[in-house]
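*Asks:* Let's have the full structure, built from the sequences with the hints guiding it.
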Amino acid sequence: MNATAGNLEALEDSLLADIASAADEPAIEAVRIAAFGKKGTVSEMLKTLGAMTAEERQLKGPVINGLKNRVTEALTARKAELRDVAIAARLAAEKVDVTLPVRQSPAERGRIHPISQVIDEIAAIFGDLGFAIAEGPDIETDYYNFTALNFPEGHPAREMHDTFFFQPDEKGERKLLRTHTSPVQIRTMEKQKPPIRIVIPGKTYRQDSDATHSPMFHQVEGLVIDRSANVANMKWVLEEFCKAFFEVPSVKMRFRPSFFPFTEPSLEVDIQCDRSRPGEVRFGEGSDWMEILGCGMVHPNVLRAGGLDPDEYQGFAWGMGIDRIAMLKYGMPDLRAFFDADVRWLSHYGFRPLDMPTLFGGLSA
Amino acid sequence: MKFTLSWLKDHLETDATLNDIVERLTSIGLEVEHVDDKSSLKPFVIAKVLTAVQHPDADRLRVLTVDTGDGKPPVQVVCGAPNARAGLIGAFAAPGTYVPGIDVTLTVGKIRGVESHGMMCSERELELSDEHNGIIDLPADAPVGTSFASYAHLDDPVIEINLTPNRPDATSVYGIARDLAASGLGTLKSGAVEKIPGKGETPVKVVIEAPELCPGFALRLVRGVKNGPSPKWLQQRLIAIGLRPISALVDITNYVTFDRGRPLHVFDARKVAGNLVVRRARDGEKVMALDGREYTLTPDMCAIADDNGVESIAGVMGGEHSGCDENTSDVLIESALWDPITTARTGRTLGIITDARYRFERGVDPEFMVPGVELATKLVLDLCGGEPAETEVVGYAGHKPKIVSFPLSEVTRLTGIEVPKAESLDILSRLGFKPQGSGDVVDVAVPSWRPDVDGKADLVEEVMRIHGVDNIAPQPLGAHDAVNSKILTTLQVRTRTAKRALAVRGMMEAVTWSFIPAKHAELFGGGQTALKLANPIAADMSDMRPSLLPGLIAAAQRNADKGIGDVALFEVSGTYEGDGADQQRRVAAGVRRGTAKLDGSGRSWAGNSGPVGVFDAKADAIAALEACGAPVDRLQIEAGGPSWYHPGRSGTIKLGPKTVLGTFGEFHPKTMEGLDVSGPLCGFEVFVDAVPEPKAKPTKTKPKLELSAFQAVKRDFAFVVDKAIEAGTLVRAALAADKKLITAVSVFDIFEGASLGADKKSIAIEVSIQPVEKTLTDEDFEALAKRVVENVGKQTGGVLRG
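Taken in order, these protein sequences are the chains called A and B.
This note's numbering puts the first sequence at residues 1 to 365.
This note's numbering puts the second sequence at residues 1001 to 1802.
FYI, nobody ran anything at the bench for these hints, they're computed from the structure.
Since this is a predicted model, take the numbers as computed values, not measurements.
It cannot be assumed that every hint is accurate.
Which residues of chain B face chain A? A few of them, derived with a C-beta cut under 10 Å, are [as the list claims (entries may be wrong)]:
1) 1344
2) 1412
3) 1415
4) 1458
5) 1460
6) 1486
7) 1496
8) 1510
9) 1512
10) 1513
11) 1567
12) 1582
13) 1728
14) 1729
15) 1732
Footprint (simulated), chain B over chain A, 3 or more residues, beta carbon under 8 Å [to be verified]:
16) 63 to 69
17) 167 to 180
18) 327 to 341
Don't be surprised by glycine CBs; every beta carbon is placed ideally from N, CA and C.
*Replies:* Shown next as structure tokens:
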């Protein structure tokens, strides 16, 4: 084709029209190839420049190049436009329903049993007071469970009525399921010289079954032995514990003289609370007293059984039900449900695995 | 132990209010359990109905005019009681009175248009009983205008204390008064008992054949008594504390039991044949007791017998045969001492709870045995007349008081509070102790009514409780002067971490029983005799568990039975290999049921969860071990587990040839059948205490991280091997081909098909290669690949899949 002015004008009009009407990216690419490909109309025009004289080229060059630039520009602009359209179409096509549910994280689904959680809470508090955690076996001997703890022969706790026994062995010795965590007091004294500061959480067993008693339950016991630990110290430790455990700024506690074979003097402790709201107990307020633990100065016979001279060493011990304080703190009504493994109960009363009790972060979330 | 305020004041001179007394009792160790104080009934007066006419507008109501005895004109009262009638004398509540039974404070109101100025009350409205069929109907001689409460003897509050087993001295009103007086709440009146001379010997002789069960026996005959109802004052006291008045003679024994803590028994002398013999019961000997029941005795029990046989279960309950009734004319009063342990055991075995047993099992005051007879004799003479014989005392050697050497500094040493020496001694004296000497260490004689006191710590308790526990100010326990170090043992840390690690895997922590049915224990390798309870609380809680799995599987099934079939449960607790202290293991175990997989259970638009299986259990087991600090890269997995697992779908996790760290898998059909459960079900158990203790390291510094500068490469291989070849063996062979360059080998496909042959399978692995010194050339890779193929071939017989 000759590069006449008319031809050029017609070519430009035609190309610009093609560009404008190109509907998608392949179409615009086709227009580009038709114009700028090897045999493209604009390429052909540009080739004619080579055969021209210098004067002719001076005259036609700018015209043809002008056309080339304008067409190129139109192509680029339209290409960008079509790309946006294409992206928009793709995005529209890729839309999903984000309201569809996702699966819950296993960490949110899993649960820690309230007993484990409360044991961790107790460990956090007593750890801060310089106590270690001690443990002992569930199957005990009469000696550790009763004799060493100053239970006299004929004490009712020694009867089949109260305590789980195994069959006597060939020596006639009858093992039993410990009725309290106190045997660990003796086991600790046998292994470790004072000062001793331990808490002993664990399973305990008694012949009992109703809404507040279970044949298997959990106790935590505390023991402090040194050369000066006394009732005043014991009151302090227990008040500090109750404040920290129930997470209240103050508690009012009532220490009543009582009786246990393994302590002398012995005390029972009530905690002031408000039980006026159904299913809820508030500590540090109200006018009710609720019995929460037993305690006392370690009986001289128990110290002797642990190999210590009661005139040289002294100390105090206390014990309370883990299940019971868990029920009080978290408002769980029936002890039997603790051991039923009903996942609805566990899900409701259990704790998320990452809710780890610490003093610096608060015991409970 | 129950008593009334007025009864207490028989022995205690005091102006203290009821409230003060109640608080003091609790604070000195006599915990008040209940106070029945009817002081709210004070405003109710005895009133007389003068007229009763039909209410004009209500069939069931009557309009009464009532004389309230205050000298004012009668008041008009609308009343619905069917027994409301002219002439009735009852309890009237004026407007403004709070009526406890209906929880309402009365006002003047109109009932169906007729004004009512008060209320005639039923027993239920006064909370005296459940009686609500009519209003209270008093005898014609009831004094109109006076307090109903004092007329009905309701103005004497009843106090009930929860007595600890060490305090026999407080099983009597007198003993409680003594404690209160010692605490400064009044003065103890004299408890001296008048001696009553007798005429002639008591003809019935007492023979003690079992002195170890009976350290003393006093018996006295009173002839010519007349036994009828006891007087009103005595009946009212007994009723107030919940006892039923029977006859004067029986009521006297109950009265002395509560008043002085001295249980007595009365025999009808005419029904006693021959002498009274105190002996062990013969095996199978029967006695009809006063409660109308027949009891069968054993030689562990003590009986009082005559020629007719057993007449009384010593210290527990008398026999019906020789009991007193309205025809009794000659009475034998028994006041004896019984061995506390035998009494307690007898009562428990026979299931008899009596006021006598309550006191004998704590230990009664031996020195009051004879005064008890004297006091009873006086009451018998006063109430029934008669003539006493001399008291016969057998077997009593007298009481030798215990002497406790008491350094007074013990009080401060054990309690932390300074109590002046004089005050300590004074407290002890007021309680009946006899301190001798005046130095820093005194000898203290323990009174006969305090068998519980035998050491200096007991005396500290006496001083502490009377001085007041509330006076002991809390003192900080010597604070530690440094940041606390780790307090948990490795096992405790692992237990705790394993729980959290399993919960993070979507499992819920269960706490199941340590004792399980024998059949379940046997299925899991337990059931040995040493671990069987002699007295299980229920037949299916008989054996200490050898494994946590049966309990967890049963728990999963319980949930399934409630319609929740997809459950994942775990427990970290004890199992029992034997009854020794070192045979309790610490185990973490878990089960998954239904489709309760790690990512969730049930159906989902994004893909349903499939049934749980051996690999879910394997992943849980390894996660638990990893949390316990086990070296996960060195664990060996062996095919097959203990007998309760599916033999082809279970594994054992070992560390070295000997240490078994755990087992996992699906369960044997016979296990499922034996436990009566359905699946899909899988589970694992790992032995937390078998994981080796970490080596103590001198530093917490982590080993230096070496990052290669050269690009890591992955190469895939597929091997055809015999079906029996375990993937684990092949993976180990590939890893071993070049321990320096090959960092990991993973299995990404398992294929079995006819094209490979019936006994063959293809295992496809991805080998991760990390050049460390230089970029590897094609030749290097060729050589490495060759080593992999060769080693796999050597170890497994596998060949590259064509």
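*Asks:* Look at each hint and say if it fits the structure.
*Replies:* Checked hints:
1. 1344: holds, 7 Å
2. 1412: At 8 Å from the nearest chain A Cβ, residue 1412(B) passes the 10 Å test, so the hint holds.
3. 1415: holds, 4 Å
4. 1458: OK, holds: residue 1458(B) within 10 Å of chain A, min 6 Å.
5. 1460: Since the shortest Cβ distance to chain A is 6 Å, the answer is holds.
6. 1486: Nearest chain A Cβ about 9 Å off; hint holds.
7. 1496: At 7 Å from the nearest chain A Cβ, residue 1496(B) passes the 10 Å test, so the hint holds.
8. 1510: With a minimum Cβ separation of about 4 Å from chain A (threshold 10 Å), the hint on residue 1510(B) holds.
9. 1512: holds, 6 Å
10. 1513: holds, 6 Å
11. 1567: Where the cut-off is 10 Å and the nearest Cβ of chain A is about 5 Å from residue 1567(B), the hint holds.
12. 1582: At 8 Å from the nearest chain A Cβ, residue 1582(B) passes the 10 Å test, so the hint holds.
13. 1728: With a closest approach of 26 Å, the residue 1728(B) hint is violated.
14. 1729: violated, 32 Å
15. 1732: At 30 Å from the nearest chain A Cβ, residue 1732(B) fails the 10 Å test, so the hint is violated.
16. 63 to 69: This one is violated; 0 residues, fewer than the three required, reach chain B with a Cβ under 8 Å.
17. 167 to 180: The restraint on the segment 167 to 180 of chain A holds, since 5 of its residues have a Cβ under 8 Å from chain B and three suffice.
18. 327 to 341: n = 4 at 8 Å, threshold three: holds.
Comparing the model with each numbered hint stated earlier shows that hints 13, 14, 15, 16 do not hold.
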